[in-house]
Amino acid sequence: MTTAPPVAPQVEAAAAAKVQRVSVGDFALDNIVWLLLVAFVIIATILNPFFFSVANFQNILVQTTTLAFVAVAIGLSMLLGEIDLSVIGILGFTGAIGAVLMDKGVPGSLAILVVLAVGAFIGLVNGICVAKVRMTSLIETLAMGLLLGGGVLAVTKGRTITISDTSYTWLGQGQILGWPIMPVSLVVLFLALAFVLYRTPWGRKIYATGGNTRAAYAAGIDTERLTIGTFVLGGFLSGCAGWLATSYLSGVTATMGSDLLLYAVAAPVIGGVSLTGGRGRVLGMLGGVLLLTVVQVGLQLTNISAYYVSMAGGMMIFLAVAVDAVRVRRRQARH
Amino acid sequence: MTAADALLLETKGLTKVYGRFTALAATDIQIHAGSIHGFLGKNGAGKSTLVKLIAGLETPTRGQILLKGEDITHLPLSRRRELGVHLLDQQPQVVADLSVAENLVLPEYPRKGLFLDKRAMRRHAKELLERYDLHFSVDGLAGALSTPDQRRLSIVRTLMDEGDLAMLDEPTTALSKRERESLFSWIRDLNGKGQSFVFISHFNSEIQAICDNVTVLRDGKVVADGEDPRTMSSAEISELVVGDKVQEFVRSRRTSKRDRLVVRDLVSGEVGPVSFTVGEGEVLGLSGLPGSGAQETARALAGLRQVQSGSISLDGRDIKPGRVRDAISNGVAYLTNDRIGEGVVGLISIQEMLRLGNWPTRGAVLDRTAITETYEKYHSRLQFRVSGPTQPMEELSGGNQQKVLLGRLLALHPKLLILDEPTLGVDVATKEEVHRLFDELTSDGMSVILLAYDTDEMVRTVDRVITFQDGRLSGELTGDDITADRILARLHHQTETVPAGA
Chain W
2 MTTAPPVAPQ VEAAAAAKVQ RVSVGDFALD NIVWLLLVAF VIIATILNPF FFSVANFQNI
62 LVQTTTLAFV AVAIGLSMLL GEIDLSVIGI LGFTGAIGAV LMDKGVPGSL AILVVLAVGA
122 FIGLVNGICV AKVRMTSLIE TLAMGLLLGG GVLAVTKGRT ITISDTSYTW LGQGQILGWP
182 IMPVSLVVLF LALAFVLYRT PWGRKIYATG GNTRAAYAAG IDTERLTIGT FVLGGFLSGC
242 AGWLATSYLS GVTATMGSDL LLYAVAAPVI GGVSLTGGRG RVLGMLGGVL LLTVVQVGLQ
302 LTNISAYYVS MAGGMMIFLA VAVDAVRVRR RQARH
Chain E
561 MTAADALLLE TKGLTKVYGR FTALAATDIQ IHAGSIHGFL GKNGAGKSTL VKLIAGLETP
621 TRGQILLKGE DITHLPLSRR RELGVHLLDQ QPQVVADLSV AENLVLPEYP RKGLFLDKRA
681 MRRHAKELLE RYDLHFSVDG LAGALSTPDQ RRLSIVRTLM DEGDLAMLDE PTTALSKRER
741 ESLFSWIRDL NGKGQSFVFI SHFNSEIQAI CDNVTVLRDG KVVADGEDPR TMSSAEISEL
801 VVGDKVQEFV RSRRTSKRDR LVVRDLVSGE VGPVSFTVGE GEVLGLSGLP GSGAQETARA
861 LAGLRQVQSG SISLDGRDIK PGRVRDAISN GVAYLTNDRI GEGVVGLISI QEMLRLGNWP
921 TRGAVLDRTA ITETYEKYHS RLQFRVSGPT QPMEELSGGN QQKVLLGRLL ALHPKLLILD
981 EPTLGVDVAT KEEVHRLFDE LTSDGMSVIL LAYDTDEMVR TVDRVITFQD GRLSGELTGD
1041 DITADRILAR LHHQTETVPA GA
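Protein chains in written order, with the numbering used here: chain W, 2 to 336; chain E, 561 to 1062.
No lab work stands behind these hints, which were simulated from the structure alone. Among the clues, some could well be false.
What the hints assert, rightly or not - Calculated cross-link-like contacts (lysine to any residue; reagent style SDA-like; alpha-carbon spacing at most 25 Å):
hint : chain 1 : residue 1 : chain 2 : residue 2
1    : W       : Lys-133   : E       : Ser-889
2    : W       : Lys-133   : E       : Asn-918
3    : W       : Lys-133   : E       : Lys-781
4    : E       : Lys-937   : E       : Gly-923
5    : E       : Lys-975   : E       : Asn-918
6    : E       : Lys-880   : W       : Val-134
7    : E       : Lys-975   : W       : Arg-200
8    : E       : Lys-937   : W       : Tyr-199
9    : W       : Lys-133   : E       : Gly-901
10   : W       : Lys-133   : E       : Val-810
11   : E       : Lys-880   : W       : Arg-215
12   : E       : Lys-880   : W       : Arg-226
13   : E       : Lys-781   : E       : Thr-791
14   : E       : Lys-880   : W       : Thr-214
15   : W       : Lys-133   : E       : Gln-868
16   : W       : Lys-133   : E       : Thr-791
17   : E       : Lys-937   : W       : Arg-200
18   : W       : Lys-133   : E       : Val-884
19   : W       : Lys-133   : E       : Arg-865
20   : E       : Lys-937   : W       : Asn-60
21   : W       : Lys-133   : E       : Thr-718
22   : E       : Lys-686   : E       : His-634
To be verified - Covered stretches of chain W (in silico footprint by chain E; criterion: 3 or more residues with CB under 8 Å from a CB of chain E, positions within the stretch not fixed):
hint : stretch
23   : 204-212
24   : 215-222
Every residue, glycine too, gets a C-beta built ideally from N, C-alpha and C.
Work out the full structure: start from the sequences and follow the hints.
This is the structure we're talking about:
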């Protein structure tokens, strides 16, 4: 045992070095979405230098905004261990309601309120079905989404309705000093989200309930009301997305947003939000929506056929989910 | 060297480091073939880490594991299972919705061509149960078995492929005394047939009853190896585990002057009507076999079980039954006995867990300073062995999680604390600490309802005991009448005729 003392520091050092490596690896895995984002911006810029321009960044931010609102709505439900697949249905339906109302002469500002209120109300219905009636959120919201998708057709009769009321379209169309206003709502969304999730008891309750519903309930958290509240917020955010999408497009089409659902589900997952609840960061969700938009826009700029754009999007999602699985496995291996 | 003395498993310099925390320092232990080898130690002493390393659930930072002289350090869990190294977790590992037979053959379903060969499966399962001297039907659902039978089933599952070494991590948790004894005699029989076991327990009496060899761990280091526990006294074992003499806490019984909790004709499902009171500063023990109504009553008081009729009042104020939030806001706090399922939120930090659902705010915003202060307060009072306030709960050992849960309840400043197995998975030293803590709190007037399977523990720590049988109160014991024998006598259907309160 005379050799023991000189060995000990070596052991410590080796252990410390290993720990260091582990945490760098973990950091990379935890922020994989941002690393991919940087990598993709570099690749896209090499392929087409225009990609790295102010105009294009403005474009990307505008494109991101609508996706961000629905992705956050889904992300919130995921944090709770549920899922809300009706967000795109709500987006289309509320947008269509707004367009039809203005078509009938309702002022734009009132139409905005109706759009948001209808979104929140649909969220309330979802929330009650899931929390009180105990319907499975996956199927309930899927059905709600289909129903609302049909509702868009019923309301618009398949027509494309244009919107010209600037008191409605200012958010999607307006500019200040050559910069579009729309991305401001993106910034506001994520600041508000970070505040609510990290700084308010309500946000912490979502994490606690998503992490272990029974423990949260036994600790006195009203998990039913929390679930309803989260779905209402999700509906409201989807209503916001409806307003954003229709004001950006100055109108509503029957198929609006139909390709968005996959991306809206994928963005939070890519950003590290766990499908089983209780785990996920705001920065991850932001990274997720930015990455998916950058991939889409980047591929469009490289003149690749639209078929490959979808494929690349699918690849990205695949990659991110694989990375997420590795991360979870590493975590479990350590505990 | 005889065959029985042959070395089965050996570790050489086995080490596990998490971050800056050394869970297990270079460990050399030897497990002999045909022995029942006990692992002892406080919470977080490294017992669980050691068995997980041996089983292959964790990768060692350095060191070697040798099975019959062969290096298995880098083999995955599944390979080690094939070689006969099995770990049985604290939770019974049965698939509740599958039949006993299916549980036994999993994952190797016998097949006939493409199809499941049900007859072969049943035959195989029957043989196994017979070989291990178990007498339940192979067709019933595993979930319908009693807790000890589920545990036996899990053990058989680990043994069926001629497991050389079955490691049982606190297999007696949630078993009554009688169930423990029958489990032990079964394990002894199997051992007599040559099966080797590693046995983890916090109970000295269990270690002495069943082990012929112990390894004692303290703060991640081996402090004793190869001792025979049967030649030591319980106090000597505790001293080895804790590193200091353990003073067994005995409460000086008090009689309360004023009723604090009054329960009248409480009916909850099959249980009731039940009426009783708990005095100010009193510790009332509720004792009963599973399903007898003791736990059901406790959960009903906590608002975690629906109540059909009856009233609950605390300090003269009625509490609406069946609502957790009402119970909590009126000063009733409940410690669950299902720590993983109903207690801990694994992904959140320790300091957040301490104020779960009850986070302090300044305006609408979380008051982080107050949250950290709560942490500091209960960290110094309860001595969690953790790396810091932001460490996720899932990284803590079971005993430390339990301490954090206790801290959470105390942070609610309850008037009535309902403790369902408060020392479950908690080491000897902490156990006494915990009881002293409650003793202190009751001097300040807090009332406690205690449920404990360990009747000896209950005898030492309560002022009064009420017993349950078939959903009704079956008796009351006070003062010197509170003995383990008298409590047990009232749980089973062999009550000596003693008028209540005598």
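The hints, checked one at a time:
1. At roughly 23 Å between alpha-carbon atoms, Lys-133/W and Ser-889/E fall within 25 Å of each other, so this suggested pair holds.
2. With a C-alpha separation of about 23 Å, the suggested pair Lys-133/W and Asn-918/E falls inside the 25 Å cut-off, and the hint holds.
3. As the CA atoms of Lys-133/W and Lys-781/E are separated by approximately 52 Å, the hinted pair breaks the 25 Å bound.
4. Restraint check for Lys-937/E and Gly-923/E: satisfied, since their Cα atoms lie roughly 23 Å apart, inside the 25 Å limit.
5. Annotation: proposed proximity of Lys-975/E to Asn-918/E holds, straight-line Cα distance about 16 Å (limit 25 Å).
6. Taking the CA atoms of Lys-880/E and Val-134/W, the gap is near 23 Å; set against the 25 Å cutoff, the hint holds.
7. A distance of roughly 30 Å separates the Cα atoms of Lys-975/E and Arg-200/W; the hinted pair therefore is violated under the 25 Å criterion.
8. Distance check on the hinted pair: Lys-937/E and Tyr-199/W sit about 23 Å apart at the alpha-carbon level, within 25 Å; holds.
9. For a cut-off of 25 Å, the pair hint linking Lys-133/W to Gly-901/E stands: about 22 Å separates their Cα positions.
10. With a C-alpha separation of about 48 Å, the suggested pair Lys-133/W and Val-810/E falls outside the 25 Å cut-off, and the hint is violated.
11. With a C-alpha separation of about 20 Å, the suggested pairing of Lys-880/E with Arg-215/W holds against the 25 Å cut-off.
12. Between the alpha carbons of Lys-880/E and Arg-226/W the distance comes to roughly 19 Å, so the proposed pair stays at or under 25 Å and holds.
13. Distance hint between Lys-781/E and Thr-791/E is fulfilled; the C-alpha atoms sit about 23 Å from each other, no more than 25 Å.
14. The straight-line distance between the Cα atoms of Lys-880/E and Thr-214/W is roughly 22 Å, inside the 25 Å bound, and the hint therefore holds.
15. Distance restraint check for Lys-133/W and Gln-868/E: the Cα-Cα separation of roughly 21 Å lies within the 25 Å cut-off, and the hinted pair is therefore satisfied.
16. Of the pairs offered as hints, the one joining Lys-133/W and Thr-791/E is violated, with about 60 Å between alpha carbons and a cut-off of 25 Å exceeded.
17. Using a Cα cut-off of 25 Å, the hinted pair Lys-937/E and Arg-200/W holds, with the two alpha carbons roughly 22 Å apart.
18. Straight-line distance between C-alpha atoms of Lys-133/W and Val-884/E comes to about 17 Å, which keeps the hinted pair within the 25 Å bound.
19. Using a Cα cut-off of 25 Å, the hinted pair Lys-133/W and Arg-865/E holds, with the two alpha carbons roughly 18 Å apart.
20. For the given pair, Lys-937/E sits about 52 Å from Asn-60/W by alpha-carbon distance, which is inconsistent with the 25 Å threshold.
21. For the hint linking Lys-133/W to Thr-718/E, the alpha-carbon distance of about 42 Å lies beyond 25 Å, and the restraint is violated.
22. A C-alpha spacing of about 35 Å is found between Lys-686/E and His-634/E, which places the hinted pair above 25 Å, so the restraint is violated.
23. Note: the stretch 204-212 of chain W has 5 residues with beta-carbon separation from chain E under 8 Å; the three-residue rule is met and the coverage holds.
24. A count of 8 residues in the stretch 215-222 of chain W with a Cβ less than 8 Å from any Cβ of chain E is obtained; the coverage claim is therefore met, three being the minimum.
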